[in-house]
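Both chains are given apart, each in its own frame, so use the hints to dock them into the complex.
So the chains spell out like this:
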Amino acid sequence: MTGTLLIALPLMLLLAVLQTAVWPYFAIWGVEPQLVVLTAVVWGMLRGPEEGAVWALIGGIFLDLFSVGPFGLNALALVIATIATALVQHALPTSRFILPSVLGALGTALFLLVQFVLLPLSGWSLGLGVVRMLPTLAVLQGVVIVPVYWVLYTLDKRLRNTAVVSEGL
Amino acid sequence: MLNKPDGIRWVALAVIIAIAFGLYVLDSTGNLDTLLRFLRDPVATLSDVASDPAQSVSSALDAPRNLAEATARIAELEAQVAELERANQGYRELEGEYEILANLFDYARETPLTSRVLADVIGRDPNPLFQGLIINKGFADGVRIGMPVDSERGLVGQVFRVNERSALVLLITDASSSIPARLSESRSPGLVHGGGLGNPMSMDWIPLEAEVTVGDTVLTSGLIGEFVAGAMVSRFPSGLIIGRVANVRRSDADILQTAEVQSAVDFGKLEKVFVITGFPQTDLGGLENPLDEPGP
Numbered sequence: 002m003t004g005t006l007l008i009a010l011p012l013m014l015l016l017a018v019l020q021t022a023v024w025p026y027f028a029i030w031g032v033e034p035q036l037v038v039l040t041a042v043v044w045g046m047l048r049g050p051e052e053g054a055v056w057a058l059i060g061g062i063f064l065d066l067f068s069v070g071p072f073g074l075n076a077l078a079l080v081i082a083t084i085a086t087a088l089v090q091h092a093l094p095t096s097r098f099i100l101p102s103v104l105g106a107l108g109t110a111l112f113l114l115v116q117f118v119l120l121p122l123s124g125w126s127l128g129l130g131v132v133r134m135l136p137t138l139a140v141l142q143g144v145v146i147v148p149v150y151w152v153l154y155t156l157d158k159r160l161r162n163t164a165v166v167s168e169g170l
Numbered sequence: 002m003l004n005k006p007d008g009i010r011w012v013a014l015a016v017i018i019a020i021a022f023g024l025y026v027l028d029s030t031g032n033l034d035t036l037l038r039f040l041r042d043p044v045a046t047l048s049d050v051a052s053d054p055a056q057s058v059s060s061a062l063d064a065p066r067n068l069a070e071a072t073a074r075i076a077e078l079e080a081q082v083a084e085l086e087r088a089n090q091g092y093r094e095l096e097g098e099y100e101i102l103a104n105l106f107d108y109a110r111e112t113p114l115t116s117r118v119l120a121d122v123i124g125r126d127p128n129p130l131f132q133g134l135i136i137n138k139g140f141a142d143g144v145r146i147g148m149p150v151d152s153e154r155g156l157v158g159q160v161f162r163v164n165e166r167s168a169l170v171l172l173i174t175d176a177s178s179s180i181p182a183r184l185s186e187s188r189s190p191g192l193v194h195g196g197g198l199g200n201p202m203s204m205d206w207i208p209l210e211a212e213v214t215v216g217d218t219v220l221t222s223g224l225i226g227e228f229v230a231g232a233m234v235s236r237f238p239s240g241l242i243i244g245r246v247a248n249v250r251r252s253d254a255d256i257l258q259t260a261e262v263q264s265a266v267d268f269g270k271l272e273k274v275f276v277i278t279g280f281p282q283t284d285l286g287g288l289e290n291p292l293d294e295p296g297p
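From first to last, the protein sequence lines stand for chains A and B. Here the first sequence is numbered in my numbering, starting from 2 and rising by one per residue. Here the second sequence is numbered in my numbering, starting from 2 and rising by one per residue.
Certain hints may be false.
[To be verified] Taking beta-carbon pairs under 10 angstroms as the criterion, some of the chain B residues facing chain A (in silico):
(1) R10
(2) S48
(3) G199
[Said to hold, decoys possible] Sample of chain B residues lacking proximity to chain A, with all beta carbon distances greater than 10 angstroms (derived):
(4) D49
(5) S116
(6) G240
Keep in mind that the hints were calculated from the coordinates and are not lab data. We put the beta carbon where it would ideally sit given N, CA and C, even for glycine.
So here's chain B without its partners, still in its complex pose (with noise of 0.2 angstroms):
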């Protein structure tokens, strides 16, 4: 038989809610960063520690089981090698014309380097609300607030909390996301949202006069930005990639279209990150801080 308590302490439980809504509040309003700086590092130490046999397992278990799948697998993979070494010729043809173009408007001189911090990823957002990684990185290796975070197969999100040797990054996926964005073809800029758990991204606010197709490439347009030390800087590089156009959804009554977006990043897997540190900044000239400029 369950215990039923005897007498129920109010006051007692109105404390405990107190204090969890007074840390809410605190946190809300900035005054516990400073705290939570030191005190996230020490546990994030424990979930590195607890997150590399739980990687080595997983991948252990989504390896082929048998000889005849291994098999399989291997024929799979070749088709795919041979493929990829017919789109390596086409690549390479198109490289040698990026090289000319690149040539003729001297853009390799002009573009100075990105730079980038390598980091493992050690944890995942234990809220199902939110969509968020935890990097063996932080304040100690030149992350700071706000930096773009991708990896090999794409952008993955933006540094959100940093700490002195962990971050929290917040996923391109969640629900709170939004990234200003491009279509390759034809230019067209929009926003990209998460869409939150099992929901896709989507590209929105894009001109309904623009040409969107499915499988168009998404990027980040370098554009959107905040003001730092007066000056405009973009939160992102420009043309990073974000995804592929999935899905359009338009109608005549909009004056906007909406695109779906899938990210070729399987943000469940992902092991290693890189945070961008340093990037060429997008010209956002002639905008300046209006609240800078001086009084009447």
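Isolated chain A (complex conformation) (with noise of 0.2 angstroms):
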């Protein structure tokens, strides 16, 4: 998992930039997606749930240094979600092509739900235009996890490979 860290770091900080500084600019139907949100959840499918769930640690907490919201609350969310997803789809057949696309929804709902459950406790007021948004989010989320879906499965792939070679040395 060391190794996977030395990735998570970096790659979970330039996708938290992108979506502070970068993303907001070219919003698609009014909604922006949620990067960080998918690569914890694919690392969760590819790598099992406690993996993409310290993925999902680290990529919350570079959000929530860029948002007005209580610190921890998109950390806190973000591994709920990646974890629950991981283990909806260990309950599910295998498909490499419906499924991400299926989970990249169902994760960012979650994400959503976690903080709309969580946030009324510490005072905060929800306005409940998000939710008419999450249609045309988890759509867009599901489209955009394909290509995610598929640069962390070729990462993924590489890093068993290179461990595999690593042993048999």
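So, in structure tokens, the structure goes:
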């Protein structure tokens, strides 16, 4: 896991910066892709809930650094969403084509749902506008997850091959 | 085929959830403030570096893409200039009247200047549930929590978290934002609440007898504040433009009415804002902190 941590730290930081400084200028249908969420969800699908949760924690902390909301909220919501998605994937028939899109949308919905539960407890008000945006966001996430999945799938394969070669030596 | 985990280490998952929950609790109790003030600056610098090219590309994409479109745009702008010149003439007359009134009340001499700090917008809240901005001015530049943030088109929000060289601003459109306001025509008071993502702002608690019409300007009232060093100080200066009334909802069954408020600020394209670091206080005299009163 140490090796993937070295990848997760700069990758999640880069994605959080992009999400904060770049994507808002290129919103699609009024929403922006949540790449940090998708990356954590995909890594959980590929490497299991434990590694996915670690990546989600790192990504969530970077999101929290840029957010006006309570610190730790993104991290907590993303960890729970990633674990839940990985467990759901565990119970479903394997598919490399449809499943990532479905789980990407599900993971995003869970990420927002956890925050919907937690935020009022911290005294924050929530607008219902995001509920109207959720179907659009879910569709966008379901589409954007495809390239994210294939990039991370290739990375995962390379890491596993490297590990096998190292063991062989 | 997707890889399926052989055995799930529930203890490891519980530890990770506990770490995230711990951070959430520590921040809610204010125990992370000092640490975060220094951690946020380096990442804000990265955001600053990344936002400049993104803004340039976005502006280029928004620009007219062909000659016909540009010509039409020039004609449209020329018509706007002519209309503005006519309006400007009216304003000049009003300005003359205002000067007379200001001299009469000796207003200009008595009103201290509002001090502002110009800041660049270097990022936006990555979480769709929050409406926030990151600016490149912080504690070292005199920015403090609670200071109002405005732009040439109207009120933008309020400083919510301050780091050494950057700050996070909660926009007036966030569902958690509430600002004491008044209508420019009837001077009726109310409270402007943000609607959150995709929802309009609303001015609530307007008395039913108040005359509210579509197009009325909504301004900050300067009322409602907080106790600082035993004195009541207002959070916002009086008279900042929040927006215009776009719709009015009233029912005879209610004792209050609500107006939908539309801001002239394009929050998605903001590049520069002003942090108001000092302003003339609205007279909230007579209000004393009950906690300061000596006991019997």
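Now for the hints, and whether the structure bears them out:
The closest approach between the C-beta of B/R10 and any C-beta of chain A is roughly 5 angstroms, which is under the 10 angstroms cut-off, so the hint is satisfied. With its C-beta approaching chain A no nearer than about 4 angstroms, B/S48 sits inside the 10 angstroms limit, and its interface hint holds. For the restraint placing B/G199 at the interface with chain A, the shortest Cβ-Cβ distance is roughly 3 angstroms, inside the 10 angstroms limit, so the hint holds. Under the 10 angstroms C-beta cut-off, the non-interface status given to B/D49 relative to chain A is violated; the minimum distance is some 8 angstroms.
With a cut of 10 angstroms on Cβ distances, B/S116 stays outside the contact zone with chain A, its closest approach being about 24 angstroms. Distance to chain A confirms B/G240 as a non-interface residue, since its nearest Cβ pair spans about 26 angstroms, more than 10 angstroms.
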